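Undergrad: Chain residues, written in single-letter form:
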Amino acid sequence: MEYATIYIILAASLGLFMAWGIGANDVANAMATSVGSRALTIRQAVVVAAIFEFAGAVLAGGAVASTVRGGIIKTSELAGAEQTLIFGMLAALAAAGVWLLIASWRGWPVSTTHSIIGALVGFGIAGLGWGAIYWPTVGQVAASWVTSPLIAGLVSFLLFRSVQLLVLDRATPLEAAKRWVPYYIFLTGFFVSLITLLRGLQYIGLELSFWEGCALSIVFGLAMTLLGKVMINRLKLDTRSHRRYQYHNVERVFAVLMIVTACAMAFAHGSNDVANAIGPVAAVVATATSGDIQAEAPVPLWLLVMGAFGIVVGLLMLGKHVIATVGRNITQLTPSRGFACNLATAGTVVTASGAGMPISTTHTLVGAVLGVGLARGLAAIDLRVVGTVFMSWLVTLPAGAILAILFFYLFSWTLG
Amino acid sequence: MKNYFARIFGSSPVAPLQRHMEEVVECVDVLPELFRASTAGELQRMRDAHRQIVSREHRADRIKKEIRSQLPPDLFMPWDRRDFLELLRAQDRIANKSKDIAGLMIGRQMQWPEALVEPTLRMLDQGMEATRQAMLAVRELEDLVETGFRGAELELVESLLNKLDDIEAETDRSQIELRSELFQIERELYAVDVMFLYQIIEAIGSLADRAQQTGARFQILLAR
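Which chain is which? The protein sequence lines are A and B, in order.
Okay, so the first sequence: first residue is 71 according to our numbering, each after it adds one.
Okay, so the second sequence: first residue is 91 according to our numbering, each after it adds one.
If you're looking for bench data, these hints aren't it; they were derived computationally from the structure.
Quantities reported herein were computed from a predicted structural model and do not represent experimental measurements.
Built from N, CA and C at the ideal position, the CB exists for glycine as well.
Be aware that one or more of the hints could be misleading.
Said to hold, decoys possible - One side of the interface only, derived from the structure: several residues of chain B facing chain A at Cβ under 10 Å:
no. : residue
1   : F95
2   : I98
3   : G100
4   : S101
5   : P162
6   : D164
7   : L165
8   : F166
9   : M167
10  : P168
11  : D233
12  : T237
13  : R240
14  : E243
As the list claims (entries may be wrong) - Stretch-level coverage of chain A by chain B, calculated; a stretch enters the list once three of its residues show a Cβ under 8 Å from a Cβ in chain B:
no. : segment
15  : 234 to 245
16  : 389 to 400
17  : 446 to 459
Produce the complete structure using the sequences and hints provided.
TA: Rendered as structure tokens:
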């Protein structure tokens, strides 16, 4: 292990590059709904995304990072072949990074999650053989890419239906909105913090019992509700009594909720996607420093911080431009519908993060958008584009795998 | 940079549909001028009005074609695409009828009988009102999407459409009156002219009919 320092530096820079790519590209899709519905300006969206992506990555990113690091490839069977593992992880990072770069350049809808999982599987098959991969975990991950959009779609459908029932169908929708939006805010705050407290925080060394977690989440949810109520009360509503302004005002109330769910969305995205950059780095660092393979040790906190940092830098450098272009093109997503998409996606992704399951935020969000569309909430959805998004992971998996195999042999020859 | 996420939201056909209806209303709005010119026997004024109607009908046609090409089969909308296209067609048929009336008047260089001017203008007013009423309903489409086609908003649209039915029923009564007025004087007129007068009265009546059909189509769209 005489090259330990070189391996670590190489892994860290590749991981940072990957995190930077996630920040530059992926975050835009997570924030686009908020900018598109005019709930946030681009500047505000960038600030919200930076803060909550960071928090999500550091506070709740550990479980997925562990899965990416040790749940896909049977590292325990690699005793004596430490270098192979290191080269493989480097190859996976390089492959996913390059694939993302190509795809971003060509405008293909690829997922960072799919890229890294595909790359890991590719390296596993090439470097270690079919037997070295936890196929049940890979199967679960692949299945979750189908189920997570379905679940998010169902949840967003139900959420929007509840908004129709409680607010939009009413004779006085504005009063109804003021009355019910705080409950949705509470739901968002409670659910996101509950999952994080129960499943995520163990990675930063905090263990809570179920009831402690519940109590804290209720407190957190109530605090957010209070804040939301203050914001709603401070809204300057258009008091012209004409009907046209009714729904306009209703949407302004929902915009407060949209901001809250946008925070949850950024948090969820950070918690799931930081792993794509950090998981392989963690494997390299652990192996290179100790000289042998340790599958069990948790992902160190400084790595999560580094990944979060990379995401935020990518977001600040390129992400805001992407948010601007994407957000400007979304015109039919008012806050009352956008929040349903956001909350359904954030809930699904944060739950998956708690369970250590790497899923695609973008695909989940697309599922949520379809859910609102099925509730007759959106004027038009282009199913061709939806099809492209869902087809893309079929392409991305083998592409990541093939690139990873190439990089694996490249690293083996040059460094080995 | 990838922005496929924004493209998921297909371009909404709601605004173009409303623009089409506005064009249709403008088309119908020129008809009174045409009849006044015809009564006064000013052929040039009639030609101007005719040209205006034709160019507005063309504009409506262009929008109609744009909408049709904008609706690929894999665009997912909160209503049945066939119902939507039927609504568009119903709207378009109002403009077509206006053009037919104008074409017939100009083709035969008609001079509208003095005695019929008042009741005709009244009936035209009703036709215009019916068309406007249909437009009011179509204008609610945005709010209907907003509420997901339910609740208080749906009731409002239904009341708009009920009023449209009332206007159409009144037009039928006016048409009977107008015909009987023509019957009183038809002996004094040239027989072939009378034939065409009846035809045009029929056509004015069908303006309101078609506006009502547009309303009915709109209702079907909502009732999916």
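Undergrad: Run every hint past the structure and note whether it holds.
TA: Hints and how they fare:
| no. | hint | result |
| --- | --- | --- |
| 1 | F95 | holds (5 Å) |
| 2 | I98 | holds (5 Å) |
| 3 | G100 | holds (4 Å) |
| 4 | S101 | holds (7 Å) |
| 5 | P162 | holds (7 Å) |
| 6 | D164 | holds (4 Å) |
| 7 | L165 | holds (5 Å) |
| 8 | F166 | holds (4 Å) |
| 9 | M167 | holds (5 Å) |
| 10 | P168 | holds (4 Å) |
| 11 | D233 | holds (6 Å) |
| 12 | T237 | holds (4 Å) |
| 13 | R240 | holds (5 Å) |
| 14 | E243 | holds (8 Å) |
| 15 | 234 to 245 | holds (count 6) |
| 16 | 389 to 400 | holds (count 8) |
| 17 | 446 to 459 | holds (count 14) |
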